[in-house]
Amino acid sequence: MKDMLHQVEPLIPSLRRYARALMRDRASADDLVQDCLERAVSRWYQRRDGDVRAWLFTILHNLAVNQFRRTASRGRHIPIDETNKDSFGEAASQEHKLIYQDVLTRLARLPEDQRAVLLLIAVEDLSYAEAANVLGIPVGTVMSRLSRARERLQQEIEGAATAPANVVPMRSVK
Amino acid sequence: MNHRPITEDDLHAYVDQALEPERRREVATYLDDHPDVAKRIGAFSGQRDLLRTVLAPIAEEPLPAALNLARIIESRRQRPFRLGWAVAAMLLLGIGGAGGWIMRSEIQASPNGLVALAQEATSSYSVYAPDHERPVEMRASDTAQLVQWVSSRLHHPVKVPNLSPSGYRLMGGRLVATAHGPAAMFMFDDDHGSRIVVLTRPMNGTDENAPMTPHAKGDVAGFAWADGGIGYSLVGQAPPDSLRPLANEVRKQARTI
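Top line first, the protein sequences correspond to chains A and B.
The opening residue of the first sequence carries number 0 in numbering that gives the first Met the number 0; numbering runs sequentially from there.
The opening residue of the second sequence carries number 0 in numbering that gives the first Met the number 0; numbering runs sequentially from there.
Be aware that one or more of the hints could be misleading.
To be verified - Simulated pairs of lysine to aspartate or glutamate, DMTMM-like, Cα-Cα distance not exceeding 20 Å:
1. B:158 to B:141
2. B:251 to B:218
3. B:38 to A:150
4. B:38 to A:50
5. B:251 to B:226
6. B:38 to B:25
7. B:158 to B:207
8. A:1 to B:130
9. B:38 to A:155
10. A:1 to B:132
11. A:1 to A:50
12. B:216 to B:226
13. A:1 to B:73
14. B:251 to B:206
15. B:158 to B:48
16. B:38 to B:48
Calculated from the structure, these hints are not laboratory results.
All chains, full assembly: derive it from the sequences and hints.
Listed below in structure tokens is the structure:
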């Protein structure tokens, strides 16, 4: 278990980042990572040879998908606007907090499968083949989802230029 | 110059800095000549930078106590231990309590044929499937040696069932002791960590050919059958409906040895 500690511990921060960006909610993201680590510990000796990072992301992603399914079936979806802003993170400055909030809100409008591909590749630096492995889909599908995710996020960002998401429309004074 | 055409995949790989240097130059040249595409790709690169910058602080946060890996390892280590002792205690109580001086008659009254095989498979599942340290003795990476070993001990060519189309990957296997001689056990798991066990051994004259028969003990269910003197049982902690197709698949594959 010593080697596990050495190989897995440095990866926990990026697992947290992926989970948070995927789930948006800090507490449930950390719960997910905790679940992931527990599973990783119990299955350490059964893992197939290969990259530990991709293996951990696979476990985490499967847990996230289950979570999404459960939430969807329970219908307990938390609308973006009602989530506690602090639960997103402890951004250093107020300004950064605004951008952070804004980017996550736009990211959250992407379908889950597109969001996952974009995060794994653009943020977590997984190769296309690794991402395909983690998500259990062919590389071709990874590429098309990545493409759709980027187009979609661009629309969100450009749409924001005309109607910023962080500006609350004033009630019309009549 | 004859360049390979630039694909959409190339453009994304350009954004993700995943291209070989030569191809990267080709794409860069292409983008110089196509400002519209360059604008779109520039926007994608901007997104990538933005996401990375905005999400970076999450990875800098101090880890909460719940994510202390050393502690998770420690608490896990105690769990299989307790479970292992529970199983051992049950076995000891079973043998010591109910057994003891009636041991001789117990053995004589022990079941034969398919019923025995089903019990052996269930016991193997109960003992080995919850094991976190060493559920199998030989891992899937040593399948060839595993097959050679169990085949020589069973005096019969054993084939490892392939259940990956059904979502179960081979973890490995081991030889297990039964009252009817050695048996080969193979363990599989799916992406959610659910494990199943396939046990096989020669039937030694009883129930040499038997139809697919369900069995269950608590929430551990399974199917046992025998073909041409070789018995099989597939066991898992899952509804029988989900195990039956797996058992059918194992049976089909075993018949084509």
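Now for the hints, and whether the structure bears them out:
| no. | hint | in the structure |
| --- | --- | --- |
| 1 | B:158 to B:141 | holds (14 Å) |
| 2 | B:251 to B:218 | violated (26 Å) |
| 3 | B:38 to A:150 | holds (13 Å) |
| 4 | B:38 to A:50 | violated (35 Å) |
| 5 | B:251 to B:226 | holds (11 Å) |
| 6 | B:38 to B:25 | holds (17 Å) |
| 7 | B:158 to B:207 | holds (18 Å) |
| 8 | A:1 to B:130 | holds (19 Å) |
| 9 | B:38 to A:155 | holds (16 Å) |
| 10 | A:1 to B:132 | holds (14 Å) |
| 11 | A:1 to A:50 | holds (17 Å) |
| 12 | B:216 to B:226 | violated (24 Å) |
| 13 | A:1 to B:73 | holds (11 Å) |
| 14 | B:251 to B:206 | holds (19 Å) |
| 15 | B:158 to B:48 | violated (52 Å) |
| 16 | B:38 to B:48 | holds (15 Å) |
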